[in-house]
Amino acid sequence: MVKAVVGACWGDEGKGKITDMLAADADIVVRFQGGANAGHTIVNDYGKFALHLLPSGSFNQNVTNMIGNGVALDIEQLVNEIEEVVSKGVPRPNIVVSERAQVLMPYHKLFDTYEEERLSDRQFGSTKSGIAPFFSDKFAKIGFQVWELFEEDRLKEKINNVLEVKNLMLEHVYHKPLLDANELFATCKRYAEMIKPYVIDSVKFMHDAVKSGKTILLEGQLGSLKDPDFGIYPMTTSSSTLAGYGAIGAGVPPYEIKEIITVVKAYSSAVGAGAFVSEIFGEEADELRRRGGDGGEYGATTGRPRRMGWFDCVASRYGCRVQGATSVAFTVLDALGYLDEIPVCVGYEIDGEVTKDFPTTGKLEKAKPVLKVLPGWKSDIRGITKYDDLPENCRNYIEFIENELEVPIKIVSNGPARQDIILR
Numbered sequence: 001m002v003k004a005v006v007g008a009c010w011g012d013e014g015k016g017k018i019t020d021m022l023a024a025d026a027d028i029v030v031r032f033q034g035g036a037n038a039g040h041t042i043v044n045d046y047g048k049f050a051l052h053l054l055p056s057g058s059f060n061q062n063v064t065n066m067i068g069n070g071v072a073l074d075i076e077q078l079v080n081e082i083e084e085v086v087s088k089g090v091p092r093p094n095i096v097v098s099e100r101a102q103v104l105m106p107y108h109k110l111f112d113t114y115e116e117e118r119l120s121d122r123q124f125g126s127t128k129s130g131i132a133p134f135f136s137d138k139f140a141k142i143g144f145q146v147w148e149l150f151e152e153d154r155l156k157e158k159i160n161n162v163l164e165v166k167n168l169m170l171e172h173v174y175h176k177p178l179l180d181a182n183e184l185f186a187t188c189k190r191y192a193e194m195i196k197p198y199v200i201d202s203v204k205f206m207h208d209a210v211k212s213g214k215t216i217l218l219e220g221q222l223g224s225l226k227d228p229d230f231g232i233y234p235m236t237t238s239s240s241t242l243a244g245y246g247a248i249g250a251g252v253p254p255y256e257i258k259e260i261i262t263v264v265k266a267y268s269s270a271v272g273a274g275a276f277v278s279e280i281f282g283e284e285a286d287e288l289r290r291r292g293g294d295g296g297e298y299g300a301t302t303g304r305p306r307r308m309g310w311f312d313c314v315a316s317r318y319g320c321r322v323q324g325a326t327s328v329a330f331t332v333l334d335a336l337g338y339l340d341e342i343p344v345c346v347g348y349e350i351d352g353e354v355t356k357d358f359p360t361t362g363k364l365e366k367a368k369p370v371l372k373v374l375p376g377w378k379s380d381i382r383g384i385t386k387y388d389d390l391p392e393n394c395r396n397y398i399e400f401i402e403n404e405l406e407v408p409i410k411i412v413s414n415g416p417a418r419q420d421i422i423l424r
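Sequential numbering from 1 applies to the sequence shown in the numbering used here.
Be aware that one or more of the hints could be misleading.
Here are the in silico distance ranges between beta carbons for each label pair [unchecked claim]: (1) THR361 x GLY324: 35 to 43 Å; (2) THR385 x GLU259: 18 to 26 Å; (3) PRO234 x ALA186: 47 to 55 Å; (4) LYS372 x ALA50: 31 to 39 Å; (5) ALA181 x SER327: 29 to 37 Å; (6) SER87 x GLY324: 17 to 25 Å; (7) VAL86 x PHE139: 51 to 59 Å; (8) TYR338 x ARG100: 46 to 54 Å; (9) ALA273 x LYS386: 36 to 44 Å.
Source of the hints: derived by calculation from the structure; they are not laboratory data. All C-beta atoms in this analysis are idealised placements derived from N, C-alpha and C, irrespective of residue type, glycine included.
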């Protein structure tokens, strides 16, 4: 049984917690795309963790956690994360890495930083984790797969070829110091030693797992609106954030993905630039930011304050559609307990016409939110474990959103801890 856990909107929906919870009944958790450019925050008995590359099943001893072939593998980041969780008392996670995963090179981060500098006020709001340069190289076929780290002669030759072009760009476009081939080769040798204990033939591993009926969770990063095809292009990430890509990024047949649990937050937040129709500002945004998430809405990777907004039915319904959501996990609902009234964006007004369908970027940038105000419940709902025990207005809010999403809300998260969960 293969299930995917993915985000409906801009990311930061709370996928880490949901994956951590579902991992209790899983055999394998696979990160299938993205890299260390976003964080999954998890609170459990060991403490609070911001994972970047480690799959969110890493706290469960019965789970094998795989870095799939679709991931931008920052080897130093992965090894540092493993050591960090172990240093905090977590038993050493069971990690495997696909031999076909691509390696994030040190120069990818440099080029990411240099390009944002060059763009100045036109920049994309990158986390400077090297993601866009990495995926550019992957699809230009000048990337390095993990297995190549172990073939020295081939590696040396390829480094020399790749640096010819990279150094021309550094010299003539960015006016920065050139890269040294011997230095990069030494770095790759070090990477090979670091990653060697984890490397597997992931195609055989996943084939055997599916064949033997293992429970597999595919863990996505970011959300639908950051997808390069279906998101707010070009203010997106550089790998597909959709459950459909899980088949490719993890190496499972598409027809094996039976459940797509799409995580939807009870309000909106976003890190980075791009259209955000229901965005709010000033004190109103500050108050929601302070109360949101666990300890406030700040990027788990960058520490940047997240942009805040009211729940966006148009974006979230679209996000569920492109994910192919079979059910919704509705998160951070407890953050809204301070509000007398809760505005919800139910439509977009574009050039004088109201639509409920999510448009392409040009139209999106002109859209104004059409708001409907729902009554708040004015109480703390943390600690409630049964749906019927939630305040009536809280249930009404959930059911209103469920109706707008056109997908059943089966999981409600009402706090940061693993046990702060209500199953419907």
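Verification of the hints:
Range check, THR361 to GLY324: Cβ separation about 22 Å, and the 35 to 43 Å hint is violated. Look at THR385 against GLU259: about 23 Å separates their beta carbons, and that is inside 18 to 26 Å. For PRO234 paired with ALA186, a C-beta distance near 36 Å fails the hint of 47 to 55 Å. For the pair LYS372 and ALA50, the beta carbons lie near 34 Å from each other, so the given range of 31 to 39 Å is met.
For ALA181 paired with SER327, a C-beta distance near 51 Å fails the hint of 29 to 37 Å. Distance hint check for SER87 and GLY324: the Cβ-Cβ separation is about 39 Å, which falls outside the suggested range of 17 to 25 Å. One distance hint, 51 to 59 Å for the beta-carbon pair VAL86 and PHE139, is violated here, with the actual separation near 35 Å. Evaluation of the 46 to 54 Å hint for TYR338 and ARG100 yields a pass: the beta carbon distance comes to about 48 Å.
In this structure, ALA273 and LYS386 meet the distance hint of 36 to 44 Å, their C-beta atoms being roughly 41 Å apart.
The structure fails to meet hints 1, 3, 5, 6, 7 from the earlier list, while all remaining hints are met.
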